[in-house]
Amino acid sequence: MPGDPQSGRARSGRTRSDRARSGRERAGFRARRGAVTGARPRVAVVGAGITGLTAAVEVLSALPGAEVTVLEAEPVAGGKIARHRADGYTVDLGPNGFLDNGADTRALADALGLGPRLRPAADAARERFLLRGGRLLPLPLGAASFAASPLLGPAAKARVLAEPLVRPAAGEETVHAFLARRFGSRAAALLAAPLVHGVTSGDPWTTSLDAAFPRIRALERDRGGLLLAALRGRLLRAAGRAGPPPRLTGFADGGMRVLVDALTRRLGERLLTGRPVTALRPAPGPDGGWLVETAGHEPVRADHVVVTVPAPAAARLLAPRLPGPARTLAGVRYAPVRVVSVGYRRRDLAVLPRGFGYLTVPPEPTRILGVVHASVVFPDCAPPDGVLLRAFAGGAEDPGFAELDADEAVAAVHRDVTALFGPAAGPEFRHDHVWPEAIPQYTPGHGARVRALLDAVAGVPGLHLAGAAYHGVAVNECVRDARRAASEVLTALRAAVPAPLSRGGAPGPRDDTPHHTPRPLPRHEEKQRDRHDPDPLRTDGTDRSGRRER
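Numbering-wise, the numbering used here puts 131 at position 131 of the sequence shown, and it's gapless, one number per residue.
Read the hints as simulated data drawn from the structure, not as lab findings. There's no promise every hint is true.
[As the list claims (entries may be wrong)] The calculated label-pair distances, taken between Cβ atoms and stated as ranges, are:
no., residue 1, residue 2, range
1, A419, R346, 41 to 51 Å
2, L161, R215, 15 to 25 Å
3, E364, E403, 14 to 24 Å
4, D222, A124, 11 to 21 Å
The C-beta atom is built at its ideal place from N, Cα and C for all residues, glycine as well.
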C-alpha cells in the first residue's frame, strides 16, 4: 500500500524500520555521551494538554533526575480539559470523564493519588436516548426492549437480526458503509450520525470506522459480529464471569480538571505556560539534540522532544526538516464544536431529564448534535434544586454554528430544551464556549497515513509525536498515546546507559512498546478489559460520548 511503512524496501536495501532503528541508535549514542560526562537527560514536551502533561509526568516518574520541560502556548495548561464554575454550577467544557475500562487513565489517576476522588456516573445515567420525530426514544438495551422499540419497523429489525450472517469486509469502510452492510440501510440511517456525532462530531459518510472505532472492527473480525459479541457478553455476565459494561468515570469536586491540576502540581516549575514554540532546530555541537525555540525567551535544549500539539501546529514545527510528514499533518482536518451549557431550577421544568442524555437523528429540525444531562450523570455539578444540560453543536457537518453570536447559540439550545422539557422561563445559568479546532477527523486512509508518518519521524533522532490526531480522541486513548511516546523516550535513554535509570517501583510506561503503535495492554489487563466490556451495544458511540463531551 502506498505510504505504508511495511510496503517494501528502499533502494538502498534497508527497510524503513531499519532506518528507524538506526536513528534510535544514533539518539542513544548521543545520550550515552551525555551520560558519560555526567549530564542529565533533557526532555522537552511541546503542548500541555492531557497528552503532553501525561508524557512529561511518565518520563519524570521513571527518571526523577531528568530535566523535563513542558512548553504551553496558552496561559493555562490542560488543553480541551477545562472547567467553568459559577452560581453553584460546574461545567466541564471538554470531556467530563473517561470510561473505566481504560487501564492507562485509571493507572495514571492512581499514581497521582487520585483514586479516592474517582466517581462513577450515577446509576440514573445508564439510560440513553435518541431524538427522533420530536421525541426522546430510549436506545434498546436488550432483546425485549429492541423488539418493542419504535425506532425501527419489523422489516428493518429482521435485517438487524441477520447481522451474524454477514461476512466481514476485506478493506477499510466508513462508519455509514459498515452499518449499512452489517445492519441494513434503515439501521444505518438511524445510527450512523448519532454514533459519529457522539464521538468525533464528524460526518458518518467520511469517517473511517477502522480508525475511529477499531474495537468495532475487531468485534466483526474476531467474534463473528456485534450481535454475537453482545450475546456473549450478556451470557458471561449472567454466569458471573464478566463485570458490568464500561462506565463513565470522573472526579469528585472539580470534574476532569482534578486530573489536570494533579499533573501540573507534579510538574511544578517544569511547566512553562504562555510559551508558544516557534521552531525546532537541531542543536549545534557534537552532542546533538534539539533547540526548542519560543518567542521572547532563550531556546530550550533537549535530547528528546515530544510534540503533542494539534496536527496543524505540529505540521508547522516539522515542515523545515520533514516536509512530507508535515504535509500529512497539515491535511488532518478538525471539526469545530460549540458547548452551550444551561441551568434551570427543577421547579421550572415540566419534565425532568432522564438518563445520560440524547443524540439527534437526522433530519431532525435542530442544529444541536446532542445534549448531556450533566446533573443526572454527576449530580454535584448543579445546585440541589438545579438541572444542568450541556449541548453540543457545530461539528464537521455544521461548522457555521460555531460562528453564531453567543445569544443566538443559547437561544437555539433553549428552544430545543423548551420543546422537550417545557421550562416556563429562561435558564438561570448559561455558559457558551467555542472550540474552533475541537476534534481531528479520521477519514479513510488515516491509519496508513499515521503509520507512515510515525515511521518517518522514527528516523529522526530524539523526535516524537503523540496526541489525539493519531490513535484516538478519547481521554483514555490520549493517555495511552502519551505513554507510548514516553516509552520511546525512556527506551532510547535506557539503551544509552547500561545501569537502570528508572527508580524502583516508580510508575512509568513499559519499555517494550512498538514504536508506531499504541502500547499494548498486558495479558491480564486485556482480560480485565474484556471482562468489563464484553458488550459492544453498550458502547454504541455513547460509550465515548462522555469523552466527546470534550
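Verification of the supplied hints:
no.	hint	result
1	A419 to R346: 41 to 51 Å	violated (18 Å)
2	L161 to R215: 15 to 25 Å	holds (22 Å)
3	E364 to E403: 14 to 24 Å	holds (21 Å)
4	D222 to A124: 11 to 21 Å	violated (34 Å)
In the structure shown, a violation is registered for the earlier hints numbered 1, 4, in ascending order.
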